[in-house]
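In order, the protein sequences belong to chains A and B. With my numbering, letter number 11 in the first sequence gets 11, and the count goes up by one each step, no holes. With my numbering, letter number 142 in the second sequence gets 142, and the count goes up by one each step, no holes.
These aren't lab readings, by the way, just hints derived from the structure by calculation. Careful, some of the hints might be misleading.
[Said to hold, decoys possible] Restricting the straight-line Cα-Cα distance to at most 16 Å, the calculated cross-link-like pairs of lysine to aspartate or glutamate (EDC-like) are:
1. 73(B) with 133(A)
2. 141(B) with 64(A)
3. 177(B) with 43(B)
4. 48(B) with 69(A)
5. 170(B) with 133(A)
6. 48(B) with 168(B)
7. 39(B) with 133(A)
8. 94(A) with 168(B)
9. 79(A) with 133(A)
10. 79(A) with 168(B)
11. 75(A) with 43(B)
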Amino acid sequence: MFGKVHNIFVTIALLGLTTLLLTGCGDTPPEPRLETAKAKAEQCVEPTDVMRKDHMEFILHERDETMYEGIRSSKHSFKGCINCHIPAADAQGKPVNYLTADHDLNPEHFCATCHAYVGVKLNCFDCHSDNPEGAAPADSTHANVNGNGGVAHE
Amino acid sequence: MSKSSNIDAYRRKFLLGVAGTATAVTVAPGLLLRQAGAKAPSEEISDKNRWGMLIDVDRLPNGGQGVVDACKKEHGWGDEAHSNDQQKAHWVRTVHVKEKLTEHEFDLPVMCQHCETAPCADVCPTGASFRREDGVVLVDKHICIGCRYCMMACPYKARSLVHEALFDQKAHSPRGKGTVESCTMCVHRIDVGRLPACVEASNGAIIFGDLNDKNSEISQALKARGGKQIRADLGLNTGVRYQGI
């Protein structure tokens, strides 16, 4: 008899939890900012659904081919992604960086839009340029921020 | 995807190694020589080429400070604000040498010598240090863990570790905190048929070319006037050679 009462409580608790989880699903994923790339090309290097699911596979594949075999064709190149998807400068004429000066993900940056939403950290831009080649000159506030989260040097 | 392509590369290499001895004998030497040369950007590198540099120290003003500056500009190193002098990047540096007996003095630029049997690649625990088929020694920063064994193994002190977070790197030369770096012989340039930045800035004092091609400018210059390796006693068969030292 005691067990039955216990079961009812468990069921109620589970129902409550499910309701909570479902309410969390109300948020729709952010729309990636495609206007910069759309201005340059009608279609990405692969169909949109393929790019959404497999873009990392393409970048990884190209990475090894370039690193070890010296193949520098541009189709699935990381540089190609950046050059097409990231605007040369924002409305203020400053470069659009992956991180803001406060080390938050910059929602203006194409990669950051989705990666902030899904909580998948990117470390591509620890080494790679997050700007198209020949973009606006470096933002001095950004260049002086160190990786440990604080402004260490002026 | 990448794994299978690597395995394919190993298989190809193995098969070529087995077949290589036979073909080298049967194919006329002239035919092999004509294959050597610059490749198209989409083409795979091969061991038909061995890229090298011949540095004429006498013709480099200020011990090659000009080529050091050109390298800094090309790859964006040297502006590490939070690193001390021991930590700062030095892809190439000028070294002053004085022989005690004769008091003969000179300066020379020293960078990665792109050894055939590279000690850095030997000691690397992750395989990040490696030698490309065309002889260029590189760090795959994707798998470098920053342990710095390679820096200790290198007899030329050619490598450095990035000690601080970097921003606004060059698109063609990714570099970042916690990875080791050194001269790449400007692979991003030679892969598309251009000359390394230092060679362009040297006014002809540095010759870049294919050491495997006996008709190349560098091979002809080496044949005519010779070229020394630094620490030749180590038997590393370096890709970088010097004249005037």
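Against the structure, the hints:
1. 73(B) with 133(A): 15 Å, holds
2. 141(B) with 64(A): 11 Å, holds
3. 177(B) with 43(B): 31 Å, violated
4. 48(B) with 69(A): 13 Å, holds
5. 170(B) with 133(A): Holds - the C-alpha atoms of residue 133(A) and residue 170(B) are around 8 Å apart, at most 16 Å.
6. 48(B) with 168(B): 36 Å, violated
7. 39(B) with 133(A): 24 Å, violated
8. 94(A) with 168(B): 13 Å, holds
9. 79(A) with 133(A): 8 Å, holds
10. 79(A) with 168(B): 14 Å, holds
11. 75(A) with 43(B): 14 Å, holds
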